[in-house]
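Chains Y and A are the protein sequences, given in the same order.
Note that the working numbering has the first sequence beginning at 164, numbered continuously upward.
Note that the working numbering has the second sequence beginning at 164, numbered continuously upward.
Rather than coming from a laboratory, the hints here were simulated on the basis of the structure.
Accuracy of the hints is not assured; some may be wrong.
Just so you know, same-sequence chains aren't split out, so a pair can sit in one copy or run between any two.
[Unchecked claim] Each computed DMTMM-like pair below joins lysine to aspartate or glutamate, with the alpha-carbon atoms no more than 25 Å apart: (1) K504 x D228; (2) K335 x E176; (3) K293 x D192; (4) K293 x E382; (5) K322 x D283; (6) K386 x E470; (7) K335 x D165; (8) K479 x E382; (9) K386 x E246; (10) K504 x D192; (11) K349 x E225; (12) K207 x D398; (13) K221 x E538; (14) K459 x D494; (15) K464 x D403; (16) K207 x E176; (17) K349 x E514; (18) K524 x D372; (19) K524 x E220; (20) K459 x D292; (21) K335 x E484; (22) K208 x E470.
There are 2 protein chains.
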Amino acid sequence: MDSFTYYNPTRIEFGRDKENTVGELLAHDGIGRVLLVYGTGSIKKIGLYQRVIASLEKAGVEYVDLGGIVSNPLLSDVYHGIELVKSNKIDAVLGVGGGSVIDSSKAIAAGAVVETDVWDFFINKASIDKALPVYSIVTLAAAASEMNGNSVITNEATKQKYSIASVHLNPKISIVNPELMMSVTKEYLAYSAVDIIAHSIEVYFTATDHPNFQSRLVESIIKTVIETTEILIEDPANYDARAEFAWASSQALNGLTSSGTGGGNFPNHMIEHALSALFNIPHGAGLAIVIPAWMKWYKDKNITQFERFAKEVFGKDSADEGITSLQRWFDFIGAPVSLPKGNIPREAIPEIAQNAYGLAKMWGMGDAYCVQSIEDILGYA
Amino acid sequence: MDSFTYYNPTRIEFGRDKENTVGELLAHDGIGRVLLVYGTGSIKKIGLYQRVIASLEKAGVEYVDLGGIVSNPLLSDVYHGIELVKSNKIDAVLGVGGGSVIDSSKAIAAGAVVETDVWDFFINKASIDKALPVYSIVTLAAAASEMNGNSVITNEATKQKYSIASVHLNPKISIVNPELMMSVTKEYLAYSAVDIIAHSIEVYFTATDHPNFQSRLVESIIKTVIETTEILIEDPANYDARAEFAWASSQALNGLTSSGTGGGNFPNHMIEHALSALFNIPHGAGLAIVIPAWMKWYKDKNITQFERFAKEVFGKDSADEGITSLQRWFDFIGAPVSLPKGNIPREAIPEIAQNAYGLAKMWGMGDAYCVQSIEDILGYA
C-alpha cells in the first residue's frame, strides 16, 4: 500500500430542501456577496434558481449573476467570471448546477485571486496556492466536483480540454439534494452512470498496487450505480435510488478509492477529453465509447484485476465476459458504445489521437500512451 | 435515505516514516508549544517517542509531557492535562498512541478552553463549541479516534464510561504509519479487529433505513478486517496487511458508513462500556463477549439484514449461521466470546445491566434497552 495524504475538508449537506439553507450557510461563513454561477436555464425551470435567490436575500447575501455555463465548460466563461469577481468585490463563488458549473466556479475562484492568466494553471505554468471560497448546490451526480478540488475546462481557441486540481478548490460546503436530480433526462442519467463508473475503474485497473480494500470500495460504488440506474430508468422520481446514486458518485472521485494505490492514471479520461474537445460530445457519452475499447486493448496488462472485475461486478468468469457485460450495459442504458454510435467518424482517429497525446504528455502519461497506442485503442471503438 | 451532514476535516498523513514530519507539520500550522500525551511507555520502547521529540525540536516546537494514559482512559488524567495546558500556555494537544491516548487528548483539548468542568460535556450538561487543535500519531488501529471527533473517558469516581462527540475535536492532522503498529500483541490485534467490526455492524444492524451502498461499504470493511487479521496473526510485520487494516479501521467510524442511515444506535458499545467501567476489561474483549449475545437476542428484529450479513461476509445461508461464524472467528483470533471466558462472573449481570442502563438513558436508548432487556442479552453471553 502506497503512502498518501487524504484531506477532504468539504462539508456535505445532503437531503431534501437543503438548498433553502444556502443563504444562512454563506452568511454564517461571513460571505457578504457571491458570484452565482449556473447553466443554461434548467435551474430556473425547476424553480431552484428562485429558491436560491430567496434564501440568499433572506440571509442578506448579495449576488452577481453568471448564467449560461455550457456542458464542456468554456475558458471564455471563466474569464468573464473572473472579471465579474474582480469588479464587484465578490467574497465567494456559488455554483448551482452540474459538474460543468461547479468546475467553472472553481476555475473562477482560482483565477480571481491572482494576476496571472488562469489558463497557466491548466498547462502547468503556474500552481494554485489560494482561491476564493467555493460553495455548490449540485443538480447532476456524475463529476463528483461537489466533493473534490478538480476542475476541467475547455480552451475553445486551442481545442484543449484540460484540468486542474487543488484542495484550495474543494467546495467549503456542497448541498446535495437528490430531489433536484429528478428532472435529469434518461440520456444524461446514462452519461452520468458511465462517468461515475469511469472514475471508479481508472485507478482500479491501472494501479500497479491496488489493495483489496480499495477494490472492494470501487466494486461497491459500481454495483450501486448499476443497481440504482436500473431503478431510475423505470422510476426517475425514486428518491432513495437518486440518493444512493448521488452519494456513490461523490465517493467515486473524492480521494477515498485512490488512497494508498500506486501508479494509477486516467487513460479513459485522457482520450475522452480529446473527443469532447473536438466533437463537443457529452463527457459520459465519450467515456462510453472509450472505456470498452480501452479495456479490450489493456486487459492483458492486468488480467487478474480484469477477472476480478468480471466476477465481482457481473458474476462472470473471464475478463472478456466482464468487458462485454459492461459494454452491453452501457448500450442497454442508452450510452453510445462505439465511434459511429456517437456520430464520430472513424477517419477522425488520427486527429483524436494527436489531441489526446497532448494531454497524455501534460498528465505525465506520454511514455505509456504514444499516438500509435491511442490510435490502436480507438481502433476497438 | 436519511438527510445528513458529512464533514470530516481531518487530514490523514499515511505511510512509512511520516511521524518524522510531525514537528514540521505543527510549526507550519503556527503551533509553538504542544502538550504531548502518551501511554505507559511502549512508544519509548519502539523509539517513537525519541523520533517525535527529535522532530519537534528540529522544528522549534516546545512540548510539555503527559505520559501514563491507560487503556479505558481516566478522567483524572484528563483533569491533569487540562491543568498542564492552562499553566503552560499550550497551543495544541498532540496524542501519540492508541485510541485511549487520542481520546484523552481530545477531552483535554475540549476542557482546556472553558471554565466549566469537562465532565459536564460527557453528561450532557454542557456542549462543546470550541477546543484547542488536536493532532495525533496513532499506534493502534481500532478506535478510529484519529479520524473522528469522538472521545470516551471513564470517570473512576462514578464508574461511568461515557463519551463526547464534536467536529471541534477531529484531529487537524493524524499521522498513520502502519509500521508503528507491528509491535501490537496478538491479543490486542484480536481486540482491535473486534472493535472495528463492532463499529461497522452497530448501525448496519440497527438502522431502520440502511441503504445498500452503505451495507456494501460496511461489508467491505469487515471482509478486509477478517482477511488482514488472519494474515497478521501469521505475519505480524506484513506492512500491506497492517496498512489495509489501519485504513479500514479509520473508515469504520469516521462518518462515512453511517451517512444517510436512519435510526441506528450503538447497543453493543453501550453494554460493553459497562463491562469496561466495572471490570476494566479491554474494550475489544468486552465487545467480543457482548456482540454474539446481542446478535442472538436482536436478530429477529431485522432478520433480512442478518441474513445478508451471513451471506456477504461468511457465505452462509442463515442468520444463525452468520452469528455462529462471527462468534467462532472471534474465538479463533483469541478474543473472549462469553462472560466466563472474559473472567466476568455471571452473578454480575444485574450490576452490569444497571450500569449499562445509565448509558442507555444518556444515549437516548432507554426505551429500547431497559434493565431487563440488557439482562436478557447478557444471558446469552
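Okay, the hints, checked on the actual structure:
no., hint, result
1, K504 x D228, "neither (37 Å within a copy, 68 Å between copies)"
2, K335 x E176, "both (11 Å within a copy, 21 Å between copies)"
3, K293 x D192, "both (17 Å within a copy, 16 Å between copies)"
4, K293 x E382, "neither (35 Å within a copy, 39 Å between copies)"
5, K322 x D283, "within (15 Å within a copy, 62 Å between copies)"
6, K386 x E470, "both (16 Å within a copy, 19 Å between copies)"
7, K335 x D165, "between (28 Å within a copy, 22 Å between copies)"
8, K479 x E382, "both (14 Å within a copy, 21 Å between copies)"
9, K386 x E246, "neither (43 Å within a copy, 52 Å between copies)"
10, K504 x D192, "neither (48 Å within a copy, 53 Å between copies)"
11, K349 x E225, "neither (35 Å within a copy, 60 Å between copies)"
12, K207 x D398, "within (23 Å within a copy, 60 Å between copies)"
13, K221 x E538, "neither (55 Å within a copy, 53 Å between copies)"
14, K459 x D494, "within (16 Å within a copy, 46 Å between copies)"
15, K464 x D403, "between (38 Å within a copy, 22 Å between copies)"
16, K207 x E176, "within (22 Å within a copy, 43 Å between copies)"
17, K349 x E514, "neither (31 Å within a copy, 60 Å between copies)"
18, K524 x D372, "within (23 Å within a copy, 47 Å between copies)"
19, K524 x E220, "neither (47 Å within a copy, 42 Å between copies)"
20, K459 x D292, "neither (40 Å within a copy, 55 Å between copies)"
21, K335 x E484, "neither (42 Å within a copy, 46 Å between copies)"
22, K208 x E470, "neither (45 Å within a copy, 45 Å between copies)"
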